[in-house]
Structures are given as structure tokens and as C-alpha cells.
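Enquirer: If you read the protein sequences in the order shown, they are chains F and X.
Under this note's numbering, think of the first position of the first sequence as 1, with each following residue one higher.
Under this note's numbering, think of the first position of the second sequence as 1, with each following residue one higher.
Note that these hints are calculated values from the structure, not bench results.
Hints are supplied without guarantee of correctness; some may be wrong.
A pair counts as met if it fits within one copy or between any two copies, since identical chains are not told apart.
Here are the simulated lysine to any residue pairs, SDA-like style, with alpha carbons at most 25 Å apart [what the hints assert, rightly or not]: (1) Lys-60 - Leu-403; (2) Lys-60 - Leu-398; (3) Lys-351 - Val-365; (4) Lys-60 - Gly-401; (5) Lys-200 - Asn-95; (6) Lys-270 - Thr-552; (7) Lys-351 - Ser-432; (8) Lys-60 - His-385; (9) Lys-60 - Ala-330; (10) Lys-352 - Ser-265; (11) Lys-60 - Asn-72; (12) Lys-351 - Gly-425; (13) Lys-122 - Ser-262; (14) Lys-122 - Tyr-186; (15) Lys-351 - Phe-202; (16) Lys-60 - His-131; (17) Lys-382 - Asn-90.
Number of protein chains: 2
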Amino acid sequence: MCLTTSFPCVCVTDDSTCAPCRMTKMEEADLSNKTNESGQAANTREPHQDVSSSGVQGRKWGWLLSGILCVNVLILGCALVSANAENSENITTSNLQAFLIFFLLVTSSWIIYYVIFTARTKNAVVYKDGHAGPIWLRGGLVLFGLLSAIMDIFKIVSYVGYIHCDSAIKVAFPVVQLVFIVAQTYFLWVHAKDCVQLQKNFTCCGLMLTLSTNLVLWMTAVTEESLHQTNIPADPTNTTILSGRSLYIYKASYGDSKCQCSHTSCNIFKDAYYYLYPFNIEYSLFASAMAYVMWKNVGRVADGHTHHKVKIQFKDVFLGPVFGVLLVVAGLATFIVYEIEIKKNSHDNSKKDQVMMMHFVMNIVIVTLMSVSTAIGCAIYKVDHRKHVIEKNPTRSLDVGLLTGSSLGQFIISYFTTVATVATGVQGYLNSLSLTWAVLMVIQLGLQNIFIIEGLHREPFHEEHSVTVITNTYLQSSKDLSNLEGSGVNTKQNPEFTANGLHSNMVENRGQMWRRWVLKEVCVFLLLGNIILWIMPSFGARPEFDHETQSTFYSFSMWATIVNIGLPFGIFYRMHSVASLFEVFLNS
Amino acid sequence: MCLTTSFPCVCVTDDSTCAPCRMTKMEEADLSNKTNESGQAANTREPHQDVSSSGVQGRKWGWLLSGILCVNVLILGCALVSANAENSENITTSNLQAFLIFFLLVTSSWIIYYVIFTARTKNAVVYKDGHAGPIWLRGGLVLFGLLSAIMDIFKIVSYVGYIHCDSAIKVAFPVVQLVFIVAQTYFLWVHAKDCVQLQKNFTCCGLMLTLSTNLVLWMTAVTEESLHQTNIPADPTNTTILSGRSLYIYKASYGDSKCQCSHTSCNIFKDAYYYLYPFNIEYSLFASAMAYVMWKNVGRVADGHTHHKVKIQFKDVFLGPVFGVLLVVAGLATFIVYEIEIKKNSHDNSKKDQVMMMHFVMNIVIVTLMSVSTAIGCAIYKVDHRKHVIEKNPTRSLDVGLLTGSSLGQFIISYFTTVATVATGVQGYLNSLSLTWAVLMVIQLGLQNIFIIEGLHREPFHEEHSVTVITNTYLQSSKDLSNLEGSGVNTKQNPEFTANGLHSNMVENRGQMWRRWVLKEVCVFLLLGNIILWIMPSFGARPEFDHETQSTFYSFSMWATIVNIGLPFGIFYRMHSVASLFEVFLNS
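Looking at chain F on its own, in the form it has when it is part of the complex (with noise of 0.2 Å):
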């Protein structure tokens, strides 16, 4: 009998007792920790008492049922914001935030519940997932939950002075918003780590309404962002585009001329808001990831003392920050006279274009630099022999897939810029330097992700780890090796590691030497190289709009529903691959 209950230890061969091949108690954590890297697994188990049928199947029915709320949530809020967008005369925006308000309000009392209840229960939260919530993200949450509270006090400020001629939604919204934004920013910085074991059912819906209305938010700052950002030509039949930036559209604001603001202040206000957008985009996506990932930890059994620290050593690297500054700097100059230039000469054409020129010359530059430095990067790891990291991790997971996921939106608009531009014949320098852009651009984005991918995945590198393990006893070894084992280093793979792991690690110590630095400045070069590409988009240069050849070849409905689209998961990825490249620089 005993053969099925210390799976996966099958020992047939001691058949007199089953005693010795049970488990101590730290071995069994450490088995069910591996185990845990199936994820279904980790669904199904329970630490210290039996899998109970009726829990696992509660589990599941929790998980269905929060997954179908959610979708049920995101495709709702989609479709008012879609028809807020097209037919703002029935569905109006007072419409839109009215259940916005609703959804803020309740996760918001479910936030607070959670909190209260943790804080009341003793041992609420026994496991927390060490790889969960990591400092960078919680502290890009803080940071931009602070820029997005300043964004509704704004907004607050200037919708105040409309207060008397339109709807008192549109300043209730921004006060909900600031509530939930301070509510869940410390949700999700004191609890970003648990992985939650009571109420489950309860929990998985909690944190699924958390994540929809964060995409719903989402969703509605993307949509107001881009028809702000986006000319729409004065006459729709007309198909030549007009290239004046005067022609903003602040359909979500109050660009109605009958409607006076009471205060004079309101343009000032109405004007900085609009750009603290960007961040409150990216603090919704920063709390999503954050609630996904406490999803997926619902009843998992994690050690929560596997985060190591690593400290942060700037002083080896030289060349990757002063040539990564340097780009930057430039590019600022070029995007700022870019952005001033564009908008006083939107009717002189041979001005516009020198104006495009420098910005299309600068960007291919930047593009160019990045992948020949990437390209550096990705042969350095074929050539290292680093073991891969095995054990399974949600949050890397949710990493790797949001950077491929985000970077199909410039994938896409980069293709369907080049076929534009190739099937119209390619004319003038213009179109020439549009079409380098964007094959540099598809080229640089592939390696990237390469790079960061297989960065990602590498195991850190330890010097001082290999010693401890040599010198220490018999049973201290077997305590560091299941601590390694939490921590990435998959022992399984060492043997000739701790047999004769000294010898060799000083023999490659030399190459490792030279491959790491150079790891390190491709990084913060890249880091930096991504920085620019992220202020240029987030801070409104349109080329894509500036430039005709597209929204000509495609019609301007449709390219505008790409562009609006992709932009925002590229300056996401953009973004994104700043932390990822960070976390790569750590690991090196």
C-alpha cells in the first residue's frame, strides 16, 4: 500500500517497511516545491494534509468561474468603449465612467476586505512566492500609481470648473479612481508575494475583478489617449490627409465650445493631464501582471525564502552607460525639435519632411546601434555555458509572455509599413528611410527578444555558492543543495559539479570574466537604447500619421485602428523590456 503514498518516491525494492522512504519534513517541502513546477500540479496539492477531492474540485470550479467573470468583464467593458468610441450619442461618456465607477467601487471594497481579513486572521498567509513582486515592479507600481494619483487630482481640478453645464460623473470618476489607485497600490505592495490559501474561491474572484477592471481602465485610457493623439483628417471623404496637428479631437474631454470652464486654470490642467496618460497606461499593466500572478498562486505551495539578494554593481561597467547616454541624449534633442518643428510647419511641406528626415535618421541610428550590440549579446550566450534555470516560475513566465505578446504591436505595424512601402514602388528618400526603419526595426526587435529571453532563463552566476558547497559537511550540503535548488541552480545537472566543480570553475573563471562584462554593458546600452524608444511614442511623435504613405495605401480608418492598436503594446514593450533588461543586467 504504501507505493502510492510516498509518490514520487517509489521504493520497490525495500519491501520489508516503508518507513525509511518516507519524506522528512524538509525534504518533502523541497520535493513538493519541484512538483509545484508543473503548474497543474501545484493546483492539485495540498501541503500537509491529504488532497482532499472535494478542495481540488472546489479549486477548480474558483478558477472557472473567475476566469468566465473576468472575460464576461473585459468584453463588456470592450464593447463600451468601442461604442463610446463610434457612437458617443448613445453611449455616452458619462455612460462609460458610470460603470467604470461601479467596477472601481466594488474591487476596491473587495481590496480592502482582503486586507482587513488577512491582517485579522492569524497565519492567513503561510506561503509566499519568492519570484512574485519583485522590487522593480512594485516600485514602478508606486511610482507610477503616484504620477496616475496626480493625473486625477487634475483632472479632478479641471473638470470642477464644468461642473455647472455637464455631468458630476465625469469629477465623481477621477475621486473613485484615486481611492482605488491608493487602495491597490497597497494591496499590491504589502501582498503581491502571497500565495493565498483561505477563501480561495472567494480570492481567485476577487483578484480576477482586480485584473479586469484594470484592463478595462486600461482599455478606456488607451482609446482616449489615441484619439488624442490621432489627426483626424477634417472631412472624412476626402482622402488626402491633412498634415495639421491643430486638429486634435477631445472627444473624451469637453472640446464642445458650450460648455465654459468656471476657472481659468482649466486649460493648464487639461493640458498637463494629458500627459501623465502614458504612465497611468503602464500602472495598469504593472497591477494586471501583479494581480495575474497572485491568481495564478492562489493554493500554490511555495518556499518563500528563495529570493536571494543581489546587489547592484554599476562600477565594472563604463562603455554601455556613456554610449547609452549619449543616445539617448541625442535622441531627446532630435524628438524635442521633432515635436516643435512638426507642429509650427503643418502646412510646409519641404520643411516637414527635413524635419521627418532627421527623426526617420535618428531612429534608424538608434535601431541600428541596438541590434549590432544585441547581436553581440546573443553570441556571447551561445558561447556561455551557463546552465538553464529549469524550475518552473509564474512571474517569468507572465515576463517572456507579455514581451513577445507586446512586441507583435510593433511587429505589425512595421510589416504593414514595409509591404505599403514596397508595393507603392518605394519613392522618394523618404519612403526609402521609412522602409530601413522598419526591416531595422523587425530585426532588432527579433534579436531582443532573443537576448532578453535567454537572459531570462540563464542561471545567475555564482562564485561564492561553489565554495560553501565544498567545504561544508555531509548533511550541510544536502541543506545547501535544497536551498540552490529553490533558489534556480538545478543540482540534478552537477554532478561533476561538486565532484570536481573547483578545478574547473577557476579554470573558466577568465572567460567568464570578460563574458560577463560584456553582458553587462550590451544591457545597460540596451536599457538605455529602449528608454528613448519609449519616450519618443509615449510622448506623442506620430510618424506613422506625419508620414502618408500608409494611411494613403490603407485608408485612414484602417491604419488608424492599427497604429492606435500597436503603438500602445510597442511603448508597453518598450517599457517592459527595460525591466526585463534590468533584471538580465542582475543576472549577469
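Go by the hints and put chain X onto chain F.
Expert: For chain X alone, kept in the frame of chain F given last:
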């Protein structure tokens, strides 16, 4: 040192020698099977040989490269298909077909190479995944492949008539596609279960090429079919949509009168092959799904003998088939009347409204009956104590993913309909019916997803196996157990099952009997319900366009985009549900 070699069996209590701790070959295979539950672990472990770092690294690079190859082909294909649909002057159908011919030839060459290489190499395929490519999937593939081949022959015959005045590529394309379909169907029929161990990188890329070629073909077919099924109003600035079905736009075929067919049977073949499009669309999706599973299985070490045959017994079920067939017949009758009357009375609004009402009422009846029976099925699962399968299985994960993913298409259409109807105030009985249908559809989709996912994750009922375990001797029972483990039974959770299994089984048997019976009836009824809901949109019912509320609310172009993207997914969902329900039926 032994600690690290016999993973995951860590025997610290037996410190004299590690030999008893090593597993026999059988257990090793068994264990490696379990370890393979974790997808990532599977990717990095080798059978009967040490995991060499370079091997792991090579595989990772293969996966990365093939993934990037797939994304690039897909997005380039997507850009070309969109450009062709939007701007057929610069990117003609011939351009698009030349691109497709290139990829079809490359993919076919790889397929032929793989088949020959595998046939010539001794022991080329050691491991097979018993879950991959089940008979219904391969059978469906052959059936749809046959119908697609007939479609291609019709196309060739029809297009030969135009060869004197149009590009020869339009004849070459169906010829190449025919060759591709024959090669691919043979390849997937024979090799769908392979866990490729040789030339892994090359095979990864080949499989991803197959996947992306099929998806590009799918996109092309869906676009062509959508343009064919959509009535575009004669005057695009006219906001009242013409309801006539006579305005088909044969963008992809030969709508212009300049080029006349040289033989008389052109039109017959043209009409005929449009009826075969839905099958071609399904063929591409089936082939993509199978190529994806093969790609996931590259380098996987799986046991090929896990698949145990289940006898199909329809003798116990009676109510489900009877009511289901009645539903299908009634649905088919009203669908035929609807199609004929809508075509005949395209300008007679009162007659059209009557037919629309009939179609809406029929659909509401179907969806209501399905919802009720699904709710009964879900309730049975709630009281059913069968264990959940915890074994990882890429085919099942893909099934669930495809099911939930494709249901989003219908979800989106229903929610957009609901928002449009509610926002315009639900005027008239047609709008009430349309709203009721949309809301019921959301409920039905949600319930059906829960029912199918639960059904797929439950263990099959086993009476015979439990008897075998009890009556056999120790060693034999251990063998049986390991077999059971392979076949999806979780022995770990069954200590009481082996101990006093016989007794509890006999007590529970009566309850189990009626639960099985109800589940089977529900499965058959739902299966037939999904068939009729698949037939209607597949063969041209478009109440989304015949009823004008949504298209006037969202603007015609936006609504056409939503329906033309959502509906193919909805059709695939029904198709896929039928297959999944069949599996649930076998499981019950």
C-alpha cells in the same frame, strides 16, 4: 554525491549505498513521465543519457528561432492579406497567391523531406505521445482535407476558363495547394504522435513553418469568405444599409465583366466551391493545431502506450439523441426557409421581418434548451466525486485553450449586440428577440465552457481496473498501478481506493450509474445542438447584417470588422465543441 543523481528520489536515510535508491528501468520511465508533467522540465531532460548543456541550449535556440520565424511569417501574411482586402490595386490577388505558393512549396518540401528522412532512419521515432492526434482529430483532418481537395479541383476547373485573360497564378495556386494538402494530410496522419528526437532545431522550424503557412491560408480563406458573405452597401456614404443579398462582391474571384469564362460550367463550379470554403477553413485550423502539438512534443520523452481504447456505446443513451435530432431537424428546416425567404424578399421589409423573427425564435429555443441541459450537466459534476486528472497533457491544454479562445469571438458579437440594442432603447419585437438571443448566448457559452473543461479534466470511469488491482499479486498490481498512472489515473490519491476500494466502489456504483447516464444524455444533446449552431453560420446565415440595429449603431465598417473576425472563431468554437463533447462523452 548520490544525492544529486537519483533525483527526485532523495534517500538520505540510507547513507551506506545509493544502489537501492536507483530506479528500475520501468520506474525510471514512469518517473520521467511524471517529471514531464512540467512542460519546461520536459524540454530540458534527455532519455537514458546525461543532459548535456549544449543539447539544452541547442533546443532552446531552436524553439526561439522557430517561434520568431512563425511570428514573422504570420505578420507578413497578415499584412499582405489586409493590403489585398483594403487596396487590391497595389497588392493584387496574384501577388498574395505568389507569396502563398512560395510558402506552400517550402513547407511541402520540408514535409516530404521529413517523411523520407524518418522512413529511412532506423529508430528515428522512439517516443510517441499517446494523447496527441486522437482519432477524431485525424479523421476530421482527412475528411476536411478531402473536401478541400475537391474545392481546389473545382477552383482549377473554374479558373482554367479565365486563363486566356487573367494571370496563370490563379490556376497555379489551387494546384500547389492540392499538392500541399495531400502531403500534409499524409504527414499528419502518420506522424502526429511523434516526439521528434533527431534534428530537433530543423524540425522545430519546419513545424512552425507548417503552422504559420496553415494560419496564413486560414486568414486568406476567412477574408475571402467574409467578403463573399458580407453585403457591402452600394453607396458607402449611405447610412441605411441595403438589405439585398444580390450585392456580393467577388473581390477574390472574377467579378468584373471584362474577362469572360471560356467554358459554360464556370458559374456552377464557382457557386459550388464557395460552399466548400467552411471545410477548408476548418482544415487549416485542424492542421495548425496538430502541428503545434507536434512542435510542443519535439524532444519530449513520452510513453507511447498510455492511450487505451474506449468502446463507443450509444446503446445506453436515448433522450439526448432523440431531442437532439429533433432540434437539428427543426433548426435545419427554419434555416432553409430563412435563407430562401431572405434572398427572395430582400426589398420587402415586412416579410423579411417575419422570417427574421422565425430565425431568432428558433435560435432562442435552441440556446435555451442547451443552457438548461448544460446547467444539469454542471450540477452533476458538482455532486460527482470523480478525481481530477493532474497529469500534464499538451493536447488537452491546447484543447481547452482553443475552446476558451475561440468562444471569445461569439462572446464579443453577443456583448456588442447587447450594448447596441440596450443603448438604442430596445425598440420593436425584433430588437427584444435579438437582445434575448445575445444574453442567452452568453449564458450558454459560459455554461458550456465550464461543462466541457470540467469533463475533460475528470478521470474516466473505471470499474474493471479496480477489480484487476485487488485480485492481482503485489508485483502485478504495482505494474498495473504504473500503467494506470500512465493512463491518467492518479494513484497517489488512491490509498483508500486500493485498501477498501471494492466495498466503496460497490456502494457508490448505483449513484455513479445514473450520473453517467445523465452526463451521456447531456453530452449527446449538446453535441447535436452545437452541430446545428455550426451549420447555420457556416452556410451563410448572417442575421448580424440582415438586422440593422448594430450596423447603424457602430457604423457599417466597424460592425463588419467585428462580425467578420468574430464569426469564424464562433464557427470554429462550435466545431471544436462537438469534438470536445465527443471526448467528454467517451470519458463519462
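Enquirer: For the identical chains here, do Lys-60 and Asn-72 meet the 25 Å Cα criterion within one copy, between copies, both, or neither?
Expert: within (18 Å within a copy, 37 Å between copies)
Enquirer: At 25 Å max between alpha carbons, let me know whether Lys-60 reaches Leu-398 within a copy, between copies, both or neither.
Expert: Both: 21 Å inside a copy, 18 Å across copies.
Enquirer: At 25 Å max between alpha carbons, let me know whether Lys-122 reaches Tyr-186 within a copy, between copies, both or neither.
Expert: Within. Shortest intra-copy distance 20 Å satisfies the 25 Å Cα cut-off; inter-copy 62 Å does not.
Enquirer: Please sort Lys-200 with Asn-95 into within, between, both or neither, judging by C-alpha distance up to 25 Å.
Expert: Intra 33 Å, inter 55 Å, cutoff 25 Å: neither.
Enquirer: Within a copy, between copies, both or neither: where do Lys-351 and Phe-202 come within 25 Å Cα-Cα?
Expert: For Lys-351 and Phe-202, neither the intra-copy (60 Å) nor the inter-copy (51 Å) Cα distance is at most 25 Å.
Enquirer: For Lys-352 and Ser-265, with the copy left unspecified, which applies at a CA distance of at most 25 Å: within, between, both, or neither?
Expert: Neither way: Lys-352 and Ser-265 sit 32 Å apart in one copy and 57 Å across, limit 25 Å.
Enquirer: Can you give me the call for Lys-382 and Asn-90, within, between, both or neither, at a CA distance of at most 25 Å?
Expert: neither (58 Å within a copy, 42 Å between copies)
Enquirer: With identical chains, the pair Lys-60 and Gly-401 could be close in the same copy or across copies; at 25 Å between alpha carbons, which is it: within, between, both, or neither?
Expert: both (23 Å within a copy, 16 Å between copies)
Enquirer: Reference check for the pair Lys-60 and Ala-330, CA-CA at most 25 Å: within, between, both, or neither?
Expert: Intra 54 Å, inter 37 Å, cutoff 25 Å: neither.
Enquirer: For the identical chains here, do Lys-270 and Thr-552 meet the 25 Å Cα criterion within one copy, between copies, both, or neither?
Expert: Classified as neither; 32 Å inside a copy, 33 Å across copies.
Enquirer: Have a look at Lys-60 and His-385 and pick one of within, between, both or neither, based on CA distance no larger than 25 Å.
Expert: between (41 Å within a copy, 13 Å between copies)
Enquirer: How would you classify Lys-60 and His-131 at a CA-CA limit of 25 Å: within, between, both, or neither?
Expert: For Lys-60 and His-131, both the intra-copy (24 Å) and inter-copy (22 Å) Cα distances are at most 25 Å.
In the structure shown, a violation is registered for the earlier hints numbered 5, 6, 9, 10, 13, 15 and 17, in ascending order.
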